[in-house]
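A.B. asks: Protein sequences appear in the order of chains B and C.
If you use our numbering, the first sequence corresponds to residues 1 to 328, in order.
If you use our numbering, the second sequence corresponds to residues 1001 to 1384, in order.
A hint or two may mislead.
[To be verified] Calculated cross-link-like contacts (lysine to any residue; reagent style SDA-like; alpha-carbon spacing at most 25 Å):
#  : chain 1 : residue 1 : chain 2 : residue 2
1  : C       : 1279      : C       : 1307
2  : C       : 1135      : B       : 120
3  : C       : 1279      : C       : 1328
4  : C       : 1135      : C       : 1125
5  : C       : 1279      : C       : 1312
6  : C       : 1135      : B       : 143
7  : C       : 1279      : C       : 1254
8  : C       : 1135      : B       : 153
9  : C       : 1135      : C       : 1176
10 : C       : 1135      : B       : 53
11 : C       : 1135      : C       : 1099
12 : C       : 1135      : B       : 141
13 : C       : 1135      : C       : 1309
14 : C       : 1279      : C       : 1267
15 : C       : 1135      : B       : 297
16 : C       : 1279      : C       : 1295
17 : C       : 1135      : C       : 1267
18 : C       : 1135      : B       : 154
[Said to hold, decoys possible] From the derived model, a few chain C residues whose C-beta atoms are all more than 10 Å from chain B:
#  : residue
19 : 1045
20 : 1075
21 : 1077
22 : 1094
23 : 1223
24 : 1290
25 : 1302
26 : 1349
These aren't lab readings, by the way, just hints derived from the structure by calculation.
All values derive from a computational prediction rather than experimental measurement.
In this text, a Cβ means the ideal position worked out from N, Cα and C, and glycines have one as well.
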Amino acid sequence: MVESAPLWSVLVLPLVLGALAFAVAGLDAVVAARGLRGARGVGGARGGGAAGLGGAVRLAVTAPLRDTARLLVQRRRATTRPDPALWRLGGAVVFAAGPLAALVVPLGRYAVTDLSVGVVWFNAMEVGVWGGLWLAGWGANSAYSLVAGYRFVAQGLAYELPHMFALITAALGAESLRVGAIVDAQDGLWFVVWMPVGFVVFLVSAVAMAFWGPFSAPLGRDLAGGVLVELSGVDRLLILAGRWLLLVAAAGMSVALFLGGGHGPLLPAWLWTLVKTILVLAALVWARRRMPTVRMDRFEELAWMVLLPLSILQSLVVSVVVLMRAAS
Amino acid sequence: MDLRERLLCGAAGRPRPLIAVAPGGTRVRLAAERTVRTRGWVEADGPADADLLLVCGHPGPELAAAVERVWAAMPGPRARSQMVRAQGAADLVEVGRRGLADWPAARADVADRLSGMRIDGRPMADRAPDRDGLKLDVLHLPLGPILADWPAGLALRLVVQGDIVQEAESEVFAGSPSVGRDRPFWSESWLRAAGGERVTAGDAARRRAASHLDGLGRLLSVAGWPDAATTARGLRDGLLTGAASSTGIHRFVRRIDRSRTLRWLTDGLGVLDDAVARKHGVPGAAGDVTARWRRWLAETGACVAEFDRDDPLPGQTPAVGPRGLLGIGQAPSATLLDLLPGLVVGSDLAGARLIVASLDPDLDEVTHSDQLGGEPAPTRDGGR
């Protein structure tokens, strides 16, 4: 039975999220370094410092630390005639969205707050990124960042409906919008078994929501960094850290909605949740290396013509099963 | 050491370099990229992201002014290195990196910087009808000359509405005129053979494969696939330093060729008619972006079989260089620059970047004066 945790858990949430975000950022750095060595060119003995397991662990710890240190000592920049308040606010909203959305994601048996409409809360908080990232792009008064902000709006248009249907499908399976009830309903059988399409669509849309990996066009290298083109220092750190936090929150939610939350033999519930979340994140990091960045003028068609009908069909199947279960 | 100094030293262990290249600086750029890659650093996307500026080659006056603007746009702490020779590049990169950890210099840099120039009173944007007949703001946006994964010395002056390119004009920022120029690096084997020197077919095959891998690295990086781009660049460095790996190249070619996602993303962009391409001596640029990168992959794979050939390259004219026919009066890259604006108009910014990356003009060829005994290519300085 998933329940709300006492009030002090609000302080534990940033630590857990931060630790997971740190771990996945380190894993990403290690996988990138392995790609460097796998190039079989002139790699040298150091190969980016990821030689062997010890080297990999050291790189996983030092790379995010060094990147954070670099951004903390870097000076902030100004452009000519930006909208300073909205520009900085955009970054702050992106940073706050992940932790706010994770308030309803349970760690084992406890969530910070197990709202009766937890699924809707999650969706509402991550939709805040639409406004935040676009403001961060528009506020800089720079052509590249404005174009990148609009890229994210197009991305939102593509992923949001399939995402919402995936959320609704999981809620239908448990006949409740409370995340705790959805986790409890997976006691015998995880939802991923009879809602595989919903799980895949949720993961794809979660990555698109976090503008990470194959969906990182708003921060694209072809636009010299996209939304980040004029940002440096703490402002840049806010958006980059916010992106990792969003990804972790979405992975945690996927575990709660489709992978049975804390259910599993032997280990305690909170450990199972952590293990499953880390596995989902590792799978995402592994898959990212194998794909280029998806452009919205191509993906829009795929999202509306393929992903959306599939997720609606999945909802239909789940509804029929639920009705038959209620009738019997 | 207080906290900021500690953070500075920690940060200097993993800088993000921005590599600014002048035409003629290809060898130096390759050495710098190899140094950066082997040390596991990630290149910066732009000046706001960068703390180490590596200038490769001798920039001309306009390009040097662009470099200064990029330097001014970099927030502190920052360091720069000017590299003119491939040999000492690694040491100069290290010197630059150590400059980053220098706390007193960082504080002095901050004190010297002006507080940022405010330019008020900008005129309002023009409005003009766009492709749907709507009246939209018109923005004059230059791509380059200093941009990540961009041909060195090229500036593409775009007129965009939204992010759709309405007009385009290419402009060349040349290297310094006072420095003697070597032959363009990528076409060197064929130019030397035409000049009477003995060049083995194996060397030419390696140079061609390395040129294609270099172009593929830029294209894959622009397409947002950093892993594949790094692999391509690693294979290129291996070819140029003599540690070529045939299995690695074949594996890479197979992996990218199989990528249906990349094909889906680049299909239909920047279509160049086959007959037009052949007429202008750039048959390798025919088709859309997908056709061009698949042709690069196929040619790279085919070159592997010829790496060990010892027979001399026939010094024929015209020779088939990596970018097109050499010795027909105009360098293939000059032809690509002429064709480029027409191909880019009508696409969005992302498509325009992919089209430029797939054509991959080498401005060393454009600014070099001796084209197999033909007419010297007209050097257009960036002063229009």
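A.B. asks: Would you mind marking each hint as holding or not holding in the structure?
C.D. replies: Hint check:
Note on residue 1279 of chain C and residue 1307 of chain C: the hinted pairing is violated, with a Cα-Cα distance of about 30 Å set against a maximum of 25 Å. For a cut-off of 25 Å, the pair hint linking residue 1135 of chain C to residue 120 of chain B is broken: about 40 Å separates their Cα positions. The hinted pair formed by residue 1279 of chain C and residue 1328 of chain C meets the criterion: a straight-line CA distance of about 11 Å does not exceed 25 Å. A distance of roughly 12 Å separates the Cα atoms of residue 1135 of chain C and residue 1125 of chain C; the hinted pair therefore holds under the 25 Å criterion.
Between residue 1279 of chain C and residue 1312 of chain C, the direct Cα distance comes to roughly 29 Å. Violation of the 25 Å bound is thereby established for this hinted pair. Our distance criterion of 25 Å between C-alpha atoms is met by residue 1135 of chain C and residue 143 of chain B, whose separation comes to about 18 Å. The hinted pair formed by residue 1279 of chain C and residue 1254 of chain C fails the criterion: a straight-line CA distance of about 31 Å is larger than 25 Å. Proposed proximity of residue 1135 of chain C and residue 153 of chain B is supported: the alpha carbons are some 22 Å apart, at most 25 Å.
For the hint linking residue 1135 of chain C to residue 1176 of chain C, the alpha-carbon distance of about 43 Å lies beyond 25 Å, and the restraint is violated. Our distance criterion of 25 Å between C-alpha atoms is broken by residue 1135 of chain C and residue 53 of chain B, whose separation comes to about 59 Å. Among the hinted pairs, residue 1135 of chain C with residue 1099 of chain C is inconsistent with the structure: their alpha-carbon atoms are about 50 Å apart, more than 25 Å. Restraint check for residue 1135 of chain C and residue 141 of chain B: the C-alpha separation of about 21 Å stays at or below 25 Å, so the hint holds.
About 60 Å separates the Cα atoms of residue 1135 of chain C and residue 1309 of chain C, which puts this hinted pair outside 25 Å; it is violated. Among the hinted pairs, residue 1279 of chain C with residue 1267 of chain C is consistent with the structure: their alpha-carbon atoms are about 23 Å apart, no more than 25 Å. With a C-alpha separation of about 22 Å, the suggested pair residue 1135 of chain C and residue 297 of chain B falls inside the 25 Å cut-off, and the hint holds. Distance restraint check for residue 1279 of chain C and residue 1295 of chain C: the Cα-Cα separation of roughly 18 Å lies within the 25 Å cut-off, and the hinted pair is therefore satisfied.
Pair hint residue 1135 of chain C plus residue 1267 of chain C does not hold up; C-alpha atoms about 30 Å apart against a cutoff of 25 Å. A C-alpha spacing of about 21 Å is found between residue 1135 of chain C and residue 154 of chain B, which places the hinted pair at or below 25 Å, so the restraint holds. A beta-carbon of chain B is positioned within 10 Å of the beta-carbon of residue 1045 of chain C; the least distance is around 4 Å. For residue 1075 of chain C, the requirement that its beta carbon stay farther than 10 Å from each beta carbon of chain B is not met, with the minimum near 4 Å.
A beta-carbon of chain B is positioned within 10 Å of the beta-carbon of residue 1077 of chain C; the least distance is around 6 Å. With 10 Å as the threshold on Cβ separation, the claim that residue 1094 of chain C sits away from chain B holds: the shortest Cβ distance comes to roughly 13 Å. The claim that residue 1223 of chain C is not at the interface with chain B is violated, since a C-beta of that chain comes within 10 Å of its own (minimum 4 Å). For residue 1290 of chain C, the requirement that its beta carbon stay farther than 10 Å from each beta carbon of chain B is met, with the minimum near 12 Å.
With a least CB separation of 19 Å from chain B, residue 1302 of chain C remains clear of the 10 Å interface cut-off, as annotated. The claim that residue 1349 of chain C lies off the interface is violated: its Cβ sits roughly 6 Å from the closest Cβ of chain B, which falls inside the 10 Å cut-off.
When the structure is compared with the earlier hints, violations turn up for hints 1, 2, 5, 7, 9, 10, 11, 13, 17, 19, 20, 21, 23, 26 and for no others.
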